[in-house]
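In order, the protein sequences belong to chains A and B. So in the numbering used here the end of the first sequence lands on 168, straight run, no missing numbers. So in the numbering used here the end of the second sequence lands on 1363, straight run, no missing numbers.
There could be a bad hint or two in this list.
Stated by the list, open to error - Covered stretches of chain A, as calculated for chain B (at least 3 residues, CB under 8 Å):
no., region
1, 69-83
2, 101-114
3, 136-142
Said to hold, decoys possible - Keeping only pairs whose Cα atoms sit at most 20 Å apart, straight-line, the calculated PhoX-like set for lysine-lysine is:
no., chain 1, residue 1, chain 2, residue 2
4, A, LYS28, A, LYS12
5, A, LYS68, A, LYS28
6, B, LYS1134, B, LYS1236
7, A, LYS81, B, LYS1045
8, B, LYS1067, B, LYS1134
9, A, LYS68, B, LYS1045
Hints in this document: simulated from the structure, not taken from any laboratory. Beta carbons are placed, not taken as given, at the ideal position from N, Cα and C, and that holds for glycine.
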Amino acid sequence: MANPLKCDLCSKPATVHLTQIVNNKVHKVDLCEECAQAKGVTDPSGFSLADLLLKASLNPEPAASGMKCEQCGFTQADFKKHGRFGCPACFDTFSSIIEPMLDTMHKGTTHTGKVPQKALARKTLSDRLNKLELDLTEAIKSERYEDAARTRDEINQVKHSFGQKPPR
Amino acid sequence: MTIASLIDTPSELTDAASSKTAIVLMTRVRLARNLAGNAFPGWAKPTQREDVLAACRDAVAATAPMKRSLSINVDELSDLEKQILVERHLISRELSGAKAGAGVVISKDQTFSVMINEEDHLRIQVLRSGFQLKKTWAAINELDSALEDRLDYAFSPTLGYLTACPTNLGTGMRASAMMHLPALVIGNQMEKVVRAVNQLGMVVRGLFGEGSDASGSIFQISNQTTLGEAEEAIIKRLGSVLNSIIEHELNARQKLIEADANKLFDKIGRAYGILQNGHLLSSSEAMNLLSLIRLGVDLGVFPDAHRCVIDRLFIEAQPGHLQHAQHGEFEPGQRDLLRAGRLRAEFANFAKPNFTLSSDGPN
Ligand SMILES: [Zn+2]
Ligand SMILES: [Zn+2]
């Protein structure tokens, strides 16, 4: 048990130990002298604990390594290096490492604020349109002309409901 | 609008703050937004950055607050112009150092600015002088909704607005106030305040200079977390933290006067003397002297109407503004000479201090 605490950022022996209560949760960060200086922890004008916790959470090797975002090619190693993600789809790919991080970083783990209603409605329609167009190609290919005609009508309906604003 | 005419127009921040809330110099709300299906700026290829920049510039410029705005690519700006925009809080240091394919759109009155391809595709910002959290939120909310008409935001029902850094997930909102807290600094209470504010989930930073150098006793207080709480709730919580800091600052001022008014007046009087007669002033010393004069205004030593002069000088004594006014680039040593000269000229016509406090005490 004589295992001395290691710095959360660089694994040198830790000499600075911080405890902070954020949203009724206790957060502990152990740092070596150098990292404490570099992060401005000794600085009375304040430092961002969230930033520190983020970097600290990147250090332990999670079980599932070698994940890669199909959309943008971003890997888990890239995240460890940059502390930023590659694209919006990364949040699906890396959800198993993001979720535990959120709990220490934020007040909650579920969004309760503003929702971009108009953008979401547009997306629902364009997703539907994409699917119908696939169906149409499929129906024509397999010579199901009645299905094709019905699908084409539906496509026109969806396009119409986009109204004056076509999707980008 | 051109960058030259924007720079020659004083910023909104130099407006006089009303005396009741003079402790809060400025309110700012920032929203991080990204476009669905596009790599974040730090990971995007150069052509992807250019595409996002073009799409965002068009969408932003088409909104109502951005009529006759300045819309410019970062690589079209000189170093000095970038520095001036940073000093006015219109762009971040990160954007001023961005690679190609980054830009900014700034409204004519300089209260709205949208950075494109900083850490996120869009960093929307609204600035207001004084303590105006709710109004500032309402203004940015409206601009954000107008942009949503034209842009497909990356959004997840559980994680909210998706951002390059997980610390901004959820609302993507950072609301902050810039506060002048000289009595808490003089009374060595700032460390205690920082700790208490941190425990309430808010962050305190010195505004000028790096790290511990909080020259001018000006601090920025903002929310630390963005996920799990609605925008209005964050704004409300920040507002009550700010009110309690204001109360502590006012108490600290009262205590300084009760303990030894002459000691405080001596500081203010000396600051006045140096500003009127000094010949070499570093940025940090100038900020500290101006801070004491501003405290003097709050205490009634100088007329209320002079507060806006100080607030303007807080910005205009910064290196970028100083060099722009002198039409050239200068070494830091030369700048100290220029700065002192500028301040001597301003203070030659400044009201004389009146050290007899009114009977109803400081406000
Ligand atoms: Zn370390
Ligand atoms: Zn990705």
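Hints, one by one, checked against the model:
no., hint, in the structure
1, 69-83, "holds (count 6)"
2, 101-114, "holds (count 12)"
3, 136-142, "violated (count 0)"
4, A:LYS28 - A:LYS12, "17 Å, holds"
5, A:LYS68 - A:LYS28, "30 Å, violated"
6, B:LYS1134 - B:LYS1236, "8 Å, holds"
7, A:LYS81 - B:LYS1045, "18 Å, holds"
8, B:LYS1067 - B:LYS1134, "23 Å, violated"
9, A:LYS68 - B:LYS1045, "17 Å, holds"
When each numbered hint is compared with the structure, violations occur for hints 3, 5, 8.
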